[in-house]
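On the provided structure of chain B, position chains R, P and V as indicated by the hints.
Read top to bottom, the protein sequences are chains B, R, P and V.
Under the working numbering, the first residue of the first sequence is numbered 1, with each subsequent residue one higher.
Under the working numbering, the first residue of the second sequence is numbered 1, with each subsequent residue one higher.
Under the working numbering, the first residue of the third sequence is numbered 1, with each subsequent residue one higher.
Under the working numbering, the first residue of the fourth sequence is numbered 1, with each subsequent residue one higher.
Treat the hints as calculated values from the structure; they're not laboratory data.
None of the values given here were measured: they were computed from a predicted structure.
One or more hints might be untrue.
The list treats identical chains as interchangeable, and a pair is accepted whether it falls inside one copy or across any two copies.
As the list claims (entries may be wrong) - Using 30 Å as the maximum straight-line C-alpha spacing, the simulated DSBU-like pairs for lysine-lysine come out as follows:
| hint | residue 1 | residue 2 |
| --- | --- | --- |
| 1 | 376 | 351 |
| 2 | 167 | 351 |
| 3 | 376 | 281 |
| 4 | 167 | 281 |
| 5 | 281 | 136 |
| 6 | 136 | 167 |
Residues per chain, in single letters:
There are 4 protein chains.
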Amino acid sequence: MSARLSVDTVLAGLDGIRSDLEAFYRDLHAHPELGHQETRTAARAAERLRAYGYDVSDRIGGTGVVGVLSNGDGPCVLFRADMDALPIEERTGLPYASTAVDGDGRPVMHACGHDVHVTALLGAARLMAQARAAWKGTHIALFQPAEESGEGARAMIADGLADRIPKPDVCLAQHVLPYPAGQVLTRPGPALSATDNYRITVHGRSAHGSSPDRGVDPVVMASMLVVRLQTVVSREVSPLTPVVLTVGSIHSGANPNNIPETAEIQLNVRTYQEEVRQRVKDAIVRIAHAECAASGAPQPPDIDHFGTLPPTINDEETTRRVATSFSAFFGERARELGIQTASEDFSEIPKALGVPFTYWGFGGTDPALYARAAAKGTIATDVPTNHNAAFAPVVQPTLDTGVQAAVVSALAYLGNGAR
Amino acid sequence: MSARLSVDTVLAGLDGIRSDLEAFYRDLHAHPELGHQETRTAARAAERLRAYGYDVSDRIGGTGVVGVLSNGDGPCVLFRADMDALPIEERTGLPYASTAVDGDGRPVMHACGHDVHVTALLGAARLMAQARAAWKGTHIALFQPAEESGEGARAMIADGLADRIPKPDVCLAQHVLPYPAGQVLTRPGPALSATDNYRITVHGRSAHGSSPDRGVDPVVMASMLVVRLQTVVSREVSPLTPVVLTVGSIHSGANPNNIPETAEIQLNVRTYQEEVRQRVKDAIVRIAHAECAASGAPQPPDIDHFGTLPPTINDEETTRRVATSFSAFFGERARELGIQTASEDFSEIPKALGVPFTYWGFGGTDPALYARAAAKGTIATDVPTNHNAAFAPVVQPTLDTGVQAAVVSALAYLGNGAR
Amino acid sequence: MSARLSVDTVLAGLDGIRSDLEAFYRDLHAHPELGHQETRTAARAAERLRAYGYDVSDRIGGTGVVGVLSNGDGPCVLFRADMDALPIEERTGLPYASTAVDGDGRPVMHACGHDVHVTALLGAARLMAQARAAWKGTHIALFQPAEESGEGARAMIADGLADRIPKPDVCLAQHVLPYPAGQVLTRPGPALSATDNYRITVHGRSAHGSSPDRGVDPVVMASMLVVRLQTVVSREVSPLTPVVLTVGSIHSGANPNNIPETAEIQLNVRTYQEEVRQRVKDAIVRIAHAECAASGAPQPPDIDHFGTLPPTINDEETTRRVATSFSAFFGERARELGIQTASEDFSEIPKALGVPFTYWGFGGTDPALYARAAAKGTIATDVPTNHNAAFAPVVQPTLDTGVQAAVVSALAYLGNGAR
Amino acid sequence: MSARLSVDTVLAGLDGIRSDLEAFYRDLHAHPELGHQETRTAARAAERLRAYGYDVSDRIGGTGVVGVLSNGDGPCVLFRADMDALPIEERTGLPYASTAVDGDGRPVMHACGHDVHVTALLGAARLMAQARAAWKGTHIALFQPAEESGEGARAMIADGLADRIPKPDVCLAQHVLPYPAGQVLTRPGPALSATDNYRITVHGRSAHGSSPDRGVDPVVMASMLVVRLQTVVSREVSPLTPVVLTVGSIHSGANPNNIPETAEIQLNVRTYQEEVRQRVKDAIVRIAHAECAASGAPQPPDIDHFGTLPPTINDEETTRRVATSFSAFFGERARELGIQTASEDFSEIPKALGVPFTYWGFGGTDPALYARAAAKGTIATDVPTNHNAAFAPVVQPTLDTGVQAAVVSALAYLGNGAR
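Next comes chain B alone, as it looks inside the complex:
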């Protein structure tokens, strides 16, 4: 059986499960759960996987769930969906909008579309299970907690993920994005940025504001540091290398008339290559120390490096294989994805397992709305993006596309050797 025939056979079941999937999605959207608290979501995913015949392990890295469907000799494909929602108050006006709150009473919302990811992967799993004759190998459906905080993937790995599943040959993941629903968008090589956060505390010496010579002014020191850090992007990295360095906060002092003891800045760095990431880190450390030295600071700065996420650098060969399958199936709806300034922890899983991976986007925006905004040049303002309180993927063709992409990509590996 050819890969194409395989795809057609598996996806033939989509019509039969569509209304169930849509209902499942609406329910999930109405019941979002924050990272590490995805108990209801995880339970539903595990329950369904078991019903489909997957061999399920749960409570991996907290609320993580993995289902394995062994279907004879052949490649092993791992597909990952993330489950967590965000502490945002939903303003979509949807009939199934979330009114959920967390333990502290804060509103919670699926503003990043992870509910779409979960639904699409469950749909694909069901179809794969229904049509075992159409493919050969092993399909792993992985439901990850806490992507937003960047901890979930590492938590599952630390909890022994590698020992609980067969070693995959490839890992796949997808994300709904503010592109027209129906499109799938792939990108070989650097696709998502690495994120590094730094908290730098500079130490001065407090004094009355009228006696600057008796103190060391941390307000001036931190300000010079902010100014100097601009040169990392403007002078220290190649103009052809995308890098962002944003100082998102600066805090020092309480009143106009006292020189404070310390100042703190927090900054976020986004890069796309490990060597650039390291070069920027080195520059930040070097500059922070030098600015404190320039001020005659009584001690060097404290530099706290936190909230790191790796760059998502899609394997070229894997991406080409998936993209070729997408072009064959989706035709013109298969596009190239531009490089993204967002970050993801998905790649932690394949890197821990030592296997290649690719990660792609698929559209969730009403195509008509998108086309109108594009015509007016107002996409940035008219199309709600992820993390926005109005982010509301249209149910269809978003869900269908997500299921199809999950099936087509898996069968790019599992479909060829089928009976």
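Leaving out everything else, chains R, P and V in the frame of chain B:
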């Protein structure tokens, strides 16, 4: 009667009131009251003034008290003492240390020595009243609220002070300082700085940290502003003109990864001449607007000018007259005061009344402690200064000196024409 | 006749002209001429074109030469080569190295490879003329002066180029680059940067160094301007958009002790999109004015915008057509070109004529040398790049490749309709 | 004989020598000589001193001259006058204006009034010699070369000055200034600033302007250094301590498009206390190193410290003694001198000899012109100051006052013990 004989005659009564004054002082120190809340202090001052024969008006500008003792034709001298304490928890270890709290339960302490000022002025008033034959003219004892916030003097003026007292020929005031007890220190011309506080809010445009081109970064804007403001002192005022410009606080943003909407800095400026004060203000306003323009800010900065105090520029002739009297009485203990970077609102009173004034310091530190610290070069660290929780003037000779200075200075005007 | 057959037919003549071309190239390399002085080069090009049967116009925009070969109905392709050399003293050690000097005795060298471009285009013209039966349409060979100064293309246009030639359907150009000889490298869309130079003079007010308050310090003003300009790249353009802003010079003052009257900086900007180019220009102007305002400058800055070159943004469709032909002919040797930070004036010609264009690179480095350097990671230091005194393309397969690329690309348009 | 009688006796001779002195002065003004070239001036001074009976040594430190008049037991007073002129083209319009040029044909002018100093000291020497009975002790008249370059005093010391003269008890010097002629102005303590010049070369790494990541940008480094140096004055010295730090020049690069290899700044610092001078020097060195470290410079900065002059800190006791004599003789014309931002090398001599000193100013401006300018508030623009091409002291009462001040100050030491 010569001025000198007059001084000797009035001060002859000091031995008889010393122990009463010391007890009064210790009680006052143990019962500090914050600005505009000096009801107990004001009541005691008014009660005593009335007992001495002064014609008393109270509740001027809130808790202000004025006593007038008319004693025949002659000059009229107004002497001012300030009454308020500070929200500081006392750590002097004195037997009469304050345990008082304000209405919100915050500790209160006479950490600036206003209790010494009140006691010394009441002592002088009692001596002046006891020895009316030794001088001629009018003595006004004024007890002012809320010096620390810079509002008290203006409050008394706004409440009609000028209409409630005879117009003085001169206004006098003194402040206990961390010099050896027993010393009095005068300074003609600029003596205390003007203070101006500014709160500057710069307006950016928030954006995700990964999209700086979609925002206007207020962290960079405020940092550049802090850096640029350094040039006011380094380039825009004469090197021979003392100016301090301290940015005491800077605040913007909450996390590393978002470009905030605004940033706020607070700064304090100290100057000694009105034209310099204005030039610095103009420079601050000019630079703040220009830095916002350089960043392409969506709106100009908000600049809030608050907490102003005028420079205290002692009248040359008045200061010379008082200083000459001090030299005659105190001998070597009469010194020259260096220019001070602190500020005061006393001068608002004589300026409102249109009369000359002088303001001097007198020591409150144990001379032996001071000498040891001076020998070691550790005055800055070993001698507690005003506003420090350990500020504890030695009772004597501090009180005696304060009373003597108040009498000697008044008699520099009132003593010559006496019978 | 198919395009492929057409290519084979035309290029069949290459073996017969190779040794002549190589001799021509070595002679040209030994006789470089600076921009606008390419009289010998232009004369030889014109002479050869005429011999091949082209209809030649010369002295266009100074030394420019155009040859037109009309060969029946069909598309019209213009191919441009640049002729000028650089004021660099050759250090290649080649037997045919230049010892030429210009009128002022300065050494001159073909350090940018324009001698390769001229030779390759003449070779292609000869082959096209020899095999007219293999293609149909019009072939224009254009030899442009003064590319290095960015003036030559505009000079030819200003001199009526459009009226002297048939309107082409497409314009093509190629450049030898430090890639392995034998490779051709194309890039759709932005390929070369725009260049803009700015000279900014800020006006202060001179004063004795001891009286900064009497002056306005242009050294501080220019320094703040340099610092502020860093934020254009770090904050005002998208991290995904390559932009370079280099302040290459700063000059003010003559001795340590006088505040000068003015300061001057010169800066170079490289961008790849017109809107980014304009945004950066706006930012520079805005910041320069604001920094002068911040300093209280007596007058706004003088901003001289000079030395501009447009971005080279290859037409997507044209590039794809040429790239497809290259892949068919060169196979693996047809590559994708990375975006270049260099600039070119070629695109002025097709823009003036209103036609699409593409511009590609081809290798000139000894493949063995390149491979060794690549293996050691020392390409940057071991492979001499354009404008380096040691830049020495290997004669073959560089010339063959240049001729082949010029023929193949032209026949992508002219070959299909042939008899 | 009292000091006062002594003064009257010595100065009784002034009427008799006035016209000769005025002629000498006009001749000297018309024949200015640059530093180390004062051969004519020195010869005339030596000739006159010998004629008055002084024991003369010449060619000390080049053109320096010293005359010693021993007149019995008593104190020894050294009085110094500087002889050199400036490379300025005179524009006074005076009948005796200089038309002199130096060896290179550059115009030379006595624009700093050293001709007045020489004349006044010779006049005083003549009077002292004529009236030996009126004083007792030793009078030393010293004529110093090369004050303007700050080298002359050190040159005389290095040439063995201390061994050629009796050790003085005190050293005195005076300078004509743009105050009303007839006034003498003294200042105890800090009077003239120290000067320190620094040349700082920062080392970057050159690169093409389009590849900042391959270089280290010295333009940015030097600009940040200029900006950072502003904080020395604004934050590191007491607001009550006058300090000037002016970066008078900055130079780097030649064209907009190359990152240069180095940048150089020159700066001038003026201070009034040795400890402040050292603190500022330490701060400059610290900041320069730190800014280079912040940029990742390949090597630390080169810091050349040159052109230093010490602060002139007048001995308190000496100044009081001289000022008291001036008050007695000049009455209201004896004033207090404000602190000056100029520098002098006179103090090198008494410091080398280990003796106290004082230095004062005396007026040279037409009193009527000065009064008009003062009334209009235009002194800064209407009264030509030293080093201005229009600086033209009125001959009288300038010369008389200079002679009188030189005699009165010397007799403050030598007059009391007279017969």
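Results of checking the hints against the structure:
1. For the identical chains of this complex, residue 376 and residue 351 are inter-copy neighbours only, at 27 Å across copies versus 42 Å inside a copy, given an alpha-carbon limit of 30 Å.
2. Taking the shortest alpha-carbon separations for residue 167 and residue 351, only the intra-copy value of 12 Å comes in at or below 30 Å, while the best inter-copy value is 56 Å.
3. When the C-alpha separation of residue 376 and residue 281 is checked against a cutoff of 30 Å, the pair qualifies only between copies, where the shortest distance is 26 Å, while the shortest distance within a copy is 40 Å.
4. In this assembly of identical chains, residue 167 and residue 281 lie within 30 Å of each other by CA distance neither inside one copy nor across copies; the values are 34 Å within and 54 Å between.
5. When the C-alpha separation of residue 281 and residue 136 is checked against a cutoff of 30 Å, the pair qualifies neither within a copy, at 45 Å, nor between copies, at 59 Å.
6. With identical chains, the CA atoms of residue 136 and residue 167 are at most 30 Å apart within one copy only, with a shortest distance of 16 Å there and 60 Å across copies.
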